[in-house]
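Asks: Below are the chains, spelled out letter by letter.
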Amino acid sequence: DLVFPSMSYRTGPYAAGGIPFADGYADYFTMLNARDGGIGGVMTSVPECETAYNTEKGVECYESLKGGGGLVYQPLSTGITYQLIPKTTVDDIPMHTMGYGRTSAKNGEVFTHTFNYPANYWDGASGAINYLLAENGGDLNGKKISLVYHNSAYGKEPIRTLTDLAAKHGFEFTEVPVDHPGQEQKSQWLQIRRDKPDYVIMYGWGVMNQVAIQEAVNIRFPMENFIGVWWSGSENDVLAAGAGANGYKALTFHGVGKDFPVFADIQTHVVDAGKAAGAGDQIGTVLYNRGLYAAMLAAEAAKTAQEIHGVAQINASQMRDGMAALEITEEKMAALGLPNFGPSFKVSCDNHGGDGMVGVTQWDATAKTWTLISDFAETDKELIDGLIAEDSAAYAAENNITPECK
Amino acid sequence: MKDNAESYVTTDGRTIGPVVMEMKNITLRFGGVEAIKDISFDIREGEIRAIIGPNGAGKSSMLNVISGFYVPQEGEVWYKGARRPPMKPYEVAQQGIARTFQNIALFEGMSVLDNVMTGRLTHMKTGMLSQMIWRGAAEREEVANREVAERIIDFLEIQAIRKTPVARLPYGLKKRVELARALAAEPSILLLDEPMAGMNVEEKEDMSRFILDVNDEFGTTIALIEHDMGVVMDLSDRVVVMDYGKKIGDGTPHEVRNNQAVIDAYLGVAHDEEDAT
Amino acid sequence: MNEQLAFTIEVFANGLMAGVLYALVALGFVLIYKASGIFNYAQGVMALFAAMTLVGIQNGQVPFAHLINAMFGLDVHKFGWTVHSFVAILLTVAVMVVLAWAVQRFVFRHLVGQEPIILFMATIGLAYFLEGVADLMWGSELKALDVCAAPGACLPQGMNMWLEGTTYEALGYGFFIDNLDIVASIIAAILVVGLVMFAQYTKQGRAMRAVADDHQAALSVGVSLNFIWILVWSLAGFVALVAGIMWGAKSGVQFSLSLIALKALPVLMLGGFTSIPGAIVGGLIIGVGEKLFEFLIGAPFLGGATENWFAYMLALLFLVFRPQGLFGEKIIERV
Amino acid sequence: MLDAQPAQVQVENLLEVNNIEVIYNSVILVLKGVSLNVPKGGITALLGGNGAGKTTTLKAISGLLASERGEVTKGTIKYRGQSIAAQDPAETVKKGVVQVMEGRHCFEHLTIEENLMTGAYTRRDGKGAVAADLEMVYNYFPRLRERRKSQAGYTSGGEQQMCAVGRALMSRPETILLDEPSMGLAPQLVEQIFNIVKEINEKEGVTFLLAEQNTNVALRFAHYGYILESGRVVMDGPAKDLRENQDVKEFYLGMSDEGRKSFRDVRSYRRRKRWLS
Amino acid sequence: MFYREAGDFSTTYPQDQQTFPIKFDRYRYYVVLFIAIFVVPFLLNDYWVNSLLLPFLIYAIAALGLNILVGYCGQVSLGTGGFMAVGAYSCYKFMTGVDIWWGGELLFRLPEFNIFFSVIMGGVMTALVGVLFGLPSLRIKGFYLAVATLAAQFFLVWLFNRVSWFYNYSASGQISAPERDLFGILITGPSTTPWAAYLFCLFFTIICALIARNLTRGASGRKWMAIRDMDIAAEIIGVNPLRAKLTAFMVSSFFIGISGALFFSVYLGAVEVGEAFGIQKSFLVLFMVIIGGLGSIFGSFAGAAFLVLLPVVLKVVGVDWLGWPTDIVAHLQLVIVGLLIIVFLIAEPHGIAQLWRVAKEKLRLWPFPH
Ligand SMILES: Nc1ncnc2c1ncn2[C@@H]1O[C@H](COP(=O)(O)OP(=O)(O)OP(=O)(O)O)[C@@H](O)[C@H]1O
Ligand SMILES: Nc1ncnc2c1ncn2[C@@H]1O[C@H](COP(=O)(O)OP(=O)(O)OP(=O)(O)O)[C@@H](O)[C@H]1O
Ligand SMILES: [Mg+2]
Ligand SMILES: [Mg+2]
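Chains as they are written, first to last, in the working numbering: chain C, 2 to 407; chain S, 2 to 278; chain F, 830 to 1164; chain P, 11 to 287; chain A, 3 to 372.
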């Protein structure tokens, strides 16, 4: 078997986000097994382990799944990622942190076993600014932009990028932290009501998203000017606020909705066969699609690895090579039944982050759907690469790593 | 009355020393309630001093004043010839004043032995560091104090329950353990608040014997609150009588018993026949 | 009107409103503490459980569907009907009463006379249990909560336009107050008045306080601990439901709802564990205090997100001067 | 003086305890087969030294044992012929049996008056009757009237004892189990409390089962007595007979042939004579 | 019959005072120690160490510490998570060299401490912070104090999150333990061998247990217990309440700090304060203490074992053996843990330790019940 462990969190404070992702991840592999007979003729399996988004449980999961010969880990939590970066390196197992985790892991010379393609937090920040630039005819001078963020390592990620971008584009940037869990955000939103920023960017997670959007509705902050990162852009986050949330925007690095051929396959091979993961009611939601996308990328990387090494039953080390040589093109996606589902990108041994293309989606509260309103667009590479080089160099120095392409 | 500074010998041959503790014009109020009203009396070294009075007269409050738990609004406490400055209760205890409580105040979560050992705490001085290491100073001190505690346990005949958690003990034994704990401190003044409540005659006899022996052997000064007139009259050298916070009598048991005010307020008439020997 | 002043007043007013919401949660704690000396760790989870049950009933969800499906290979999810909010609330209250009975019957009846910390621990066990049951019963995904008297007449949310309009005309600055908060305040006021009357003027109220003081003695005069506890836990369950609705309307119903308990603790501490009015006053002080601090000092000088600890620090400060909280019963220290 | 009541030969037994065994914490065996009968309208005394098992017996009857992690493992307890063993204490109170617990157990935070009012919790006979009884209790214990607005936690030991007894009276019970009612009370009050007991017993026909250490008074007021030692009944009989019994005299009444001895003269600790075990 | 103490007589007080006065217990204790030190290290793999043993040992230290405070001294604290964070961050700073700045200039930088002393310093700094937050305990009691300690919890977490000096200005706000060795054997970092990490933690656990035992059987322990059982009476018989409480806070925080330091450096290797040392941690350790048994050294171990092992066992049974979906198992796990806590409490309110004691009492009498 090709083992793709799923470190899911279907309980705890973030269960609402964890469930669809885990379902999507599992369903895709179930479909591959049923439709294609696995990958390259080898069946896949997806052992699941519940982390409850808790670091210690995550470590326990990693250790217990390790025995099963997992090919690639998706820790799904920044905390767990930090745990596993050194561990996976030593164990020679690759890890994929898609749109979360340690941003500077993009530097494959330092972080040999961690991949964060197709986009990372800093791409998110830059993508949002780029989008706003486009909206404002390329000029943000004198505008005010606030960042509402989860007061944790994750939420603080974009600050440095945004500060630099503010200097570059001449907008005024303010930070508004929200403490975990973020059930009560009156002060923060009164502050925003007073400051009257032109745009608000949000890096939130869990209940903080719902409350923030609700409070934004309450103070009548125009939803079109409110952009969340991809972890603040699922149905969960907007549904509670009802009609008021109409027009809210969120970044993304993959397609939304069910309008892709692959969903027909999932319907026939998975749902109708009664093999859907979880309750089976999440198909087509943003986070489900993200799980599916992660699974697709993992499967493609496995295929690449099979090609490189010429064996069907690859191991984790070979999987890493596959990931490092992964290339996603329009044609490939179309062939998979996912045309234009995500940006096309190419991973290399020194670039583990892909090309950092980011799109924007918008919420339609009446139809209760997200729609992609911009293409997957470039981010400010120059600036981000500088930051990444700096941060990864610090990590390398701290841990006596000589950056090299392995 | 003899002069304060003078010692004298009682009829049964015990020496009563000079005054060690003197309460001067103590007044204690709780909000509107005046629990003690301008009371003065003294305690001599080596004597057994009883405090009696009806319920709510302020006896326990007086003991609490002595042990520093209540701070009187007015009045002074003189100890060993000097005015005692305001003090925390534990400082009073460290001066050698130990006591028992009316509503048993044992440490319910600990064994009898441990309770008695807490009485020794004022004597234990090793630092935390050597306690951590245990071997050496701490152990030596522990053993030395344990010996004292065991002596007291023997003395009060509670060997059999040494390791029993006090919560399981019946009321009477708890009182005895409390006495043991107070004695373990080897105090110079021992304050007893109704030590014999809830005991039958036989047990009271035992208890009396203990009290007398402590007084005899160690020369411990004892202040005693008790409602059993037989005990009070037999044991005490002098008696203070309180009523509604006021002192209504002070003197030898014989004097007090024949004091009309005391009879009216406290003893009642019905009692005489029973107590008559 | 001076802008800074206007903002400050606005923050103040919103602090009061937030305080009321905290107080709603704190009330449940107070009830149980007052009646049994139990510090009910499970109060937050009860709010979650109540809210989940309410939504589940409203939407006609099949309880334990996921478990049933997994065990018997079925595929049931919904009954296919929806229940009117009002009926659903009544049914939920009934569920909470059953819960109260079960708690009493299977837990606290066996723990009469134990120390407070042990009872506290039992409520922790209860919290785990309830959380698990709630998830198994209704699933752990996010659910939107709407309480509507009639279609279109739901719990109001969002800025009160009338207030904004009038203040704008009168003062030149339109104040922001959330409609939901206004509703919550009215409900809280009704609850508090009712509960105070109950505790102060009925014999059950007196018995409740007696039980908190001494289980055994209460038993010995014939107070039925069982009855008192069922009564009080039911009341607390009801209060939890109200809190669950108010908070759930804002953030949707999911696990984090149980964490609102953490916002209630400083309120409880400041108002006094045993005082019903204390919960409200404490809530107001904490609400205003933390909001003003964040607004005036926290955000400008300390980098923000100070509310969580500041609420506790503020309460701590009060406690140093009044160890039993503002309205709590004086701790009796006697020998 | 009281045992002179006409021979109660054919009285109905209200409470029958038959051969009960009680175990605490499922390991400590405390009562080893205790049987007793409490006749309707009588005053029955339960005597015995510290730790004999009096409190345990009373708690077994009232059902309070469960909350102490104790358990009646053998035997039956019947009230009016119905088994009340292991019953919810509140039920037992409804049946008319109320216990006054040893060591007062007042509700500290409630005022004296509220304490008394909780006593009336189970009553259904209207506000007026309760108010009248409150007045009655205040008349029995004027001290309580003075302190009615104080929190019970802040009253003196004796005041709390009065409060506990008063509280039991407030429930208008048919049977009262009194555990050491005289503990910590001033002598006239002891007498008074027993007089009240007698009065209520005679006027209202309330039945009493009282555990007492003050054997002397108890046997004067009771009709029948049981003597308990280490968990067994070692002797029982009409109070008069017990008072005349040599052993009882010596061990429980503190009288030898020459009459009552001074506590000071007890020179050695006496080994208790045991009837059994 | 199975469990005998007949024939065991103490003839001296030290003998009577020792940790295991009964021979049977003493031998069993030696055997356990022997196995733990000389046998277990040879049988280890990553899974056992990282998922079970390290958390068990480290939580046991924290539980010991909290037990001193709650179980022995009666001061309920919910600040454990915050105090562990102090331990972890102090350890980190000392590991990487404490830098002192003044007015934007680096005044000096301490040399990097050896990992052993870094952990100790974690304990020491936490002890100081603990004393500071223990001060209100003189006036505030019971659950009020418990809630008040949450102030420490929230404040400390906020502080470590906010002040970047604590995490050496790293971009992510996480701290990660660099590789450090002791006598050339790696203790921290990903390449550490399981047995080295295990023995390192075991050493601290044993030392802490010994210290806890020595303190609690002597004068300090009695002072604490006296304060716990009745603080007023304790004061009147001569215990200085402030000192007793503060020493309890100090010792307790010292242990908790050590455990926090180990938790970060040896066990996880990288932590983020809010996640690793949040309020849940405070509750978790408190649960361990109460379930294990308040006022019992053995109880701290039992409680830690219970709460570390139980979820894993349930998971293994549910997911691996029965093959149920993970979320149902996770939910059932909550239900079962909750039920077990309640059942335990009803069976024996004083925790596993007391259950064990009663069991021994019964065994001693077996086969005759009384
Ligand atoms: N802390 C306090 N606050 C308020 N009132 C108090 C306090 N302590 C004692 N009192 C009151 O002071 C009076 C004297 O109480 P105290 O306990 O000294 O009486 P006592 O002489 O010991 O009586 P007893 O024989 O019943 O024990 C009582 O009326 C009591 O209610
Ligand atoms: N909760 C308990 N757990 C264990 N043993 C207990 C418990 N309560 C009482 N005992 C034991 O039961 C025996 C009888 O106690 P009980 O309290 O009934 O005595 P008593 O006759 O009322 O004594 P006293 O006159 O001193 O009140 C004692 O040996 C005591 O140690
Ligand atoms: Mg008194
Ligand atoms: Mg008794």
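Careful: at least some of the hints might be erroneous.
With a straight-line cut-off of 27 Å between C-alpha atoms, the simulated DSSO-like cross-links for lysine-lysine are [as the list claims (entries may be wrong)]: (1) P:K159 / S:K247; (2) S:K38 / S:K89; (3) C:K369 / C:K347; (4) P:K159 / F:K1032; (5) F:K1032 / P:K137; (6) A:K317 / S:K164.
Because the hints were derived from the structure by calculation, they are not lab data. Nothing here was measured: the structure is a model prediction, and the numbers come from that model.
Asks: If you check each hint against the structure, which ones fail?
Replies: The structure conflicts with hints 3, 6, although it agrees with all the remaining ones.
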